[in-house]
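If you want the building blocks of each chain, they are given just below.
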Amino acid sequence: DAKTTQPNSMESNEEEPVHLPCNHSTISGTDYIHWYRQLPSQGPEYVIHGLTSNVNNRMASLAIAEDRKSSTLILHRATLRDAAVYYCILTMGAQKLVFGQGTRLTINP
Amino acid sequence: NAGVTQTPKFQVLKTGQSMTLQCAQDMNHNSMYWYRQDPGMGLRLIYYSASEGTTDKGEVPNGYNVSRLNKREFSLRLESAAPSQTSVYFCASKREVLRNTEAFFGQGTRLTVV
Chain D
3 DAKTTQPNSM ESNEEEPVHL PCNHSTISGT DYIHWYRQLP SQGPEYVIHG LTSNVNNRMA
63 SLAIAEDRKS STLILHRATL RDAAVYYCIL TMGAQKLVFG QGTRLTINP
Chain A
18 NAGVTQTPKF QVLKTGQSMT LQCAQDMNHN SMYWYRQDPG MGLRLIYYSA SEGTTDKGEV
78 PNGYNVSRLN KREFSLRLES AAPSQTSVYF CASKREVLRN TEAFFGQGTR LTVV
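From first to last, the protein sequence lines stand for chains D and A.
With the numbering used here applied, the first sequence covers 3 to 111.
With the numbering used here applied, the second sequence covers 18 to 131.
It is possible that part of the hints are untrue.
Calculated lysine to aspartate or glutamate pairs in the DMTMM-like style (CA-CA distance at most 25 Å, straight line) [unchecked claim]:
#1 A/Lys88 with D/Glu18
#2 A/Lys26 with A/Asp55
#3 A/Lys88 with A/Asp43
#4 D/Lys5 with A/Asp43
#5 D/Lys5 with A/Glu76
#6 A/Lys88 with A/Asp55
#7 A/Lys74 with D/Asp33
#8 D/Lys5 with A/Asp73
#9 A/Lys74 with D/Asp69
#10 D/Lys71 with A/Asp43
#11 A/Lys26 with D/Glu47
#12 D/Lys5 with A/Glu96
#13 D/Lys5 with A/Glu69
The hints are simulated quantities; they were obtained by calculation from the structure and are not laboratory data.
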């Protein structure tokens with residue numbers, strides 16, 4: 003199964019952009035790249051997903067490398083409420099959402 | 018709109034006791050999932066149900082059973098609880114078992130087995 007690699011932790015300042023990297027060098031051609039985040043003491047929530055093209059929504063942007071071996075979640079203007087653990091997930095097979103360790107994002111005021 | 022509702026929110030069990038964690042979704046989703054999350058770790062898939070009437074094992078199914086009671090409800094049963102099952106349990110649902118649909122999670126059940 004294809005796996006993802008993320009930094010354990012990152013830190014940024016409020017109102018600055020944040021770029022969260024994810025490596026997935028063994029991704030298959032049909033795997034979607036999903037990002038979820040988990041706020042303290044809550045269940046994970048969906049952020050964004052993509053296959054090949056870059057994607058934007060109201061929460062974030064997803065930049066996917068041309069070879070699809072890596073991707074970057076971009077929070078354009080971080081707020082304190084964005085402090086969370088961010089998970090980069092490949093949907094390996096239709097039924098599986100397999101979570102890794104994620105990146106703990108700290109936002110400084 | 019409730020989304021995914023889990024009950025109870027907290028539970029303490031003695032070793033060997035049994036209990037059922039309840040999960041219900043009101044989004045008419047076909048697929049439902051049970052995960053566990055140990056302290057400082059990511060979520061691990063226990064069981065899932067791709068559609069009403071079907072269930073399949075995930076990464077860590079030992080010690081658990083599930084029932085897809087109807088389209089709305091998916092329960093997780095611990096027949097004989099063990100301290101190793103102390104964890105936070107999350108239920109999730111998806112519209113379809115497809116790779117490009119998002120999952121919705123409940124708020125979790127915090128279970129302690131003593």
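Evaluation of the provided hints:
no. : hint                 : in the structure
1   : A/Lys88 with D/Glu18 : 43 Å, violated
2   : A/Lys26 with A/Asp55 : 16 Å, holds
3   : A/Lys88 with A/Asp43 : 9 Å, holds
4   : D/Lys5 with A/Asp43  : 32 Å, violated
5   : D/Lys5 with A/Glu76  : 14 Å, holds
6   : A/Lys88 with A/Asp55 : 28 Å, violated
7   : A/Lys74 with D/Asp33 : 21 Å, holds
8   : D/Lys5 with A/Asp73  : 21 Å, holds
9   : A/Lys74 with D/Asp69 : 32 Å, violated
10  : D/Lys71 with A/Asp43 : 37 Å, violated
11  : A/Lys26 with D/Glu47 : 18 Å, holds
12  : D/Lys5 with A/Glu96  : 32 Å, violated
13  : D/Lys5 with A/Glu69  : 29 Å, violated
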